[in-house]
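With chain A fixed as given, assemble chain B onto it according to the hints.
Letter by letter, the chains look like this.
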Amino acid sequence: MNMPAAASLRIGLAAAAVLAAAVCAPAMHIERVVSPGGIEAWLVRAPSSPQISFEFAFRGGANQDPVDKAGVASMVAALLDEGAGDIDSRHFRERLEDKAIEISFRAGRDHLSGSLKTLRENSDEAFDLLRLSLTAPRFDLADVERIRSQMLSGLRRETTSPNDIASRRWWATAFAGHPYGRAVKGTLDTVAAITGDDLRTYARRVLARGALKVGVVGDIAPAELAAVLDRVFGSLPAAPALSDIAPTRPKGLGSRIVVDLDVPQAVVIVGGAGIARKDPDFMAAFIVNHILGGGSFSSRLYREVREERGLAYSVYSTLVPLDYASLFMSTTATRKEQAGQTLDVVEQQIKRLAQEGPTEDELGKAKSYLKGSYALRFDTSGNIASQLVAVQFEDLGIDYIARRNDLVDAVTLADVRRIAKRLLDGGLLVTVVGRPQGVEGKGG
Amino acid sequence: MAALLSGALIALTLLASVISGAAAEKAKVAHFALSNGLDVVVIPDRRAPIVTHMIWYKVGSADEPWGKSGIAHFLEHLMFKGTEKNPSGRFSKTLAAFGGVENAFTSNDYTGYYQRAAREHLEALMAFEADRMTGLVLTDSVVGPELNVVLEEQNTRVANNPAARLGEDVAAALFLNHTYGRPVIGWRHEIEKLNREDALDFYRRFYAPNNAIVVVAGDVTEEVVRDIAERTYGKIARRADLKPRQRPQEPEQRSVRQVTLSDPQVAQPSLQRSYLVPSYSTAKPGAAEAIEVLAHILGGGSNSRLYRTLVAETGIATNAGGWYQGTALDMTKLGIYATPRPGVTLAQLETQVDAVIAKLIADGITSQELERTKLRLIADAVYAQDNQSSMARWYGAALATGATVEEVSAWPDRIRSVTAPAVEAAARQWLDRRRSVTGYLTNDAVKREEKRS
Chain A
1 MNMPAAASLR IGLAAAAVLA AAVCAPAMHI ERVVSPGGIE AWLVRAPSSP
51 QISFEFAFRG GANQDPVDKA GVASMVAALL DEGAGDIDSR HFRERLEDKA
101 IEISFRAGRD HLSGSLKTLR ENSDEAFDLL RLSLTAPRFD LADVERIRSQ
151 MLSGLRRETT SPNDIASRRW WATAFAGHPY GRAVKGTLDT VAAITGDDLR
201 TYARRVLARG ALKVGVVGDI APAELAAVLD RVFGSLPAAP ALSDIAPTRP
251 KGLGSRIVVD LDVPQAVVIV GGAGIARKDP DFMAAFIVNH ILGGGSFSSR
301 LYREVREERG LAYSVYSTLV PLDYASLFMS TTATRKEQAG QTLDVVEQQI
351 KRLAQEGPTE DELGKAKSYL KGSYALRFDT SGNIASQLVA VQFEDLGIDY
401 IARRNDLVDA VTLADVRRIA KRLLDGGLLV TVVGRPQGVE GKGG
Chain B
1 MAALLSGALI ALTLLASVIS GAAAEKAKVA HFALSNGLDV VVIPDRRAPI
51 VTHMIWYKVG SADEPWGKSG IAHFLEHLMF KGTEKNPSGR FSKTLAAFGG
101 VENAFTSNDY TGYYQRAARE HLEALMAFEA DRMTGLVLTD SVVGPELNVV
151 LEEQNTRVAN NPAARLGEDV AAALFLNHTY GRPVIGWRHE IEKLNREDAL
201 DFYRRFYAPN NAIVVVAGDV TEEVVRDIAE RTYGKIARRA DLKPRQRPQE
251 PEQRSVRQVT LSDPQVAQPS LQRSYLVPSY STAKPGAAEA IEVLAHILGG
301 GSNSRLYRTL VAETGIATNA GGWYQGTALD MTKLGIYATP RPGVTLAQLE
351 TQVDAVIAKL IADGITSQEL ERTKLRLIAD AVYAQDNQSS MARWYGAALA
401 TGATVEEVSA WPDRIRSVTA PAVEAAARQW LDRRRSVTGY LTNDAVKREE
451 KRS
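Protein chains in written order, with this note's numbering: chain A, 1 to 444; chain B, 1 to 453.
Do not take every clue at face value.
Beta-carbon label-pair distances, calculated as ranges [unchecked claim]: (1) B:R428 / A:V320: 28 to 38 Å; (2) A:T359 / B:D413: 52 to 62 Å; (3) B:P244 / A:L413: 51 to 61 Å.
Straight line, CA to CA, 30 Å or less: simulated DSS-like cross-link-like pairs of lysine-lysine [said to hold, decoys possible]: (4) B:K193 / A:K351; (5) A:K251 / A:K371; (6) B:K193 / A:K365; (7) A:K278 / A:K251; (8) B:K85 / A:K371; (9) A:K336 / A:K278; (10) A:K367 / B:K193; (11) A:K336 / B:K193.
Chain A regions said to be covered by chain B (calculated; three or more residues, Cβ under 8 Å) [unchecked claim]: (12) 151–157; (13) 287–297; (14) 317–324.
Derived from the structure by calculation, the hints contain no laboratory data. Heads up, the beta-carbon is just placed ideally off N, CA and C, and yes, glycines get one too.
Bound-form chain A, shown alone:
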């Protein structure tokens, strides 16, 4: 029920969200705090703030699910705040709400992430409950079954949701045989098969200090934070026991897959190989993507698909730099009668940008937008803390946020032209769900 607030947003949400580049609130001072036990956190102090925000993540999300048990990481994430230590689920949930403490966990493809939000006056209880949830989760049978039934209910819903079908089919095709080919939330079959032992084993393997990054924003001194880090995370095992994941590239490029579903609007996903976060050309690729289909109302896809032709409400593209693969993806949806035309326009725009590259004017405007909007990403404590975690995982350095706009500036027209070709000329895998007219399946 809790959707983003606006009743009728003009554009789709995801546009600029995926690249977790951090921001430059110029006055922001980041302190590196290392606990006596060796746990590191990055801290932005917020004197006089009534709340403390923790964001943290463990490397190894759904990619660590057992081969035939997709959904384990998601289920662990859903259960960590459902009872721990001597406190059963009901009393754990009550203790959280009685002090307005918010603890939540979520699984992504490469990370299991968590958040803590508490009023400063209740932080003692909050840190205790967080420690318990990470170090002594109960996974009681009744809670496992309750969460399982919720997950299955959501999965049943997804079986007829065109967006979910399109996305699942795209990932399953591009990464057949690789952990990325399995759905983060699992399937009806795999979630039904998950056992309590699967959950406990996963937690033991992944929830370890060596896989952890922490970002903190609040009115807390470094020495105090250091003690809290040991208290909350100190009894976790030192090293994770992660399965090796092979670096990979998307397969099936050049294929078009049509999945029949009787809905009025066809959902289209196109995607290909992207550029790694650590690649020296990543920023150039980020700018190319912004020009093609990034966040503002001025992208080529927005203009050509939406504004000029009225073919879609939402159309955007994004870079998806994962730990073991890199992607470029674009998504739109249009009434079935004009699906072929819409897909043609999207593919033509990608091809044209690959061949001709951006113009000088586009590059200048993109840089200007990306530099100016950077600070807006650091608008709440939670968002700042998330950025601190992302920069640590990407190993960009504690000064990255201060340097980032210079990196944008350093990109040249020659860079973006070269990278446009590299990024956009490698072939596309297309999945379309609905009854699209003028779209023929091929390959796959």
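Chain B alone, transformed into the frame defined by chain A:
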């Protein structure tokens, strides 16, 4: 992107419900009116050198002329098409050039536009926004494609989503007379016929300084905002012909209503129910606050009655909860929803939902529930201070539905003074099925199975 319009409105209301007077006091929210009647609210937040600028027009889908449903939202889209002074998207282009972000939204009571940018651009934002209050220029060549964009939006939000279609029909059945029964995005057959003249008529009738609220949150002072507002919005003449917002009101409700949407696309059945209840704007003093607390005890999160009983204890449901859309100009909705476990029919689930409600009415609430809920709501108010956009939205939505800045700021105190008898009285008075519509989302295959079992 899965947002139903109704779901989105609910979220906004929840958000609106969680900001504290303490927070507002701390932030020293200022407000003043220009001589042309424009209300201005300033919410200082000096942590970062950025601002959020919003304008809220006191017009929404419930104010649309008969047969023109969707025009408020369509006009919202068209407001980005340019003015005589700033043609062809110059506002958006200029904003993008300095790294600002923007969007807009429509509800049944208001239409809002906002930008976020570095603080030094505030004057430019206010000048552009003031310009498009009266300067909009529309040609058929931009209106035509945009109508198709809106139709695709309707496809995404509603036509492709059976739960959203059911939500529209539940609202239509709940409001027997009030225009809240129309979808904010409009009925598709009416959207298809909207045109340039409809949009301009609506624009000229409702877009005026004395029908709007400007909210600026961020690294600014009241003085600076006042100064810029005078130089920009202050130049626009007030409209003398604005009529009071009077919508047709609901008659006495007397029938238990049920609607069923059956579609092969439904893979997971569910039920939703809406009750007609007072809003913050229509309720007697303290009554909406009691409904707010009631809705949380009944359906807010995993400690709520519905979740604990139906999901955690009996397991008849995989999910269950409730909400209250308190921020509304007229009578509004309290909603509940539940998803059955496989093998449980919607009728069986509804019986259990009713049993939870009957028990709450018969036995009352516990002091622990009351205190936990009040603390939760008030604490959320403190958390909200951390997000200047949330603060701006909260004040904007409340003022656009008839509240004053003082009332908004005092909200936590009013929540604090809610008593158990008041919550119990609200439950008895408003959780009356004759004031409700229950919607079943199902498919025929499921129905046949249920009959066999």
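*Does the structure break any of the earlier hints, and which numbers would those be?*
1, 4, 5, 6, 9, 10, 14
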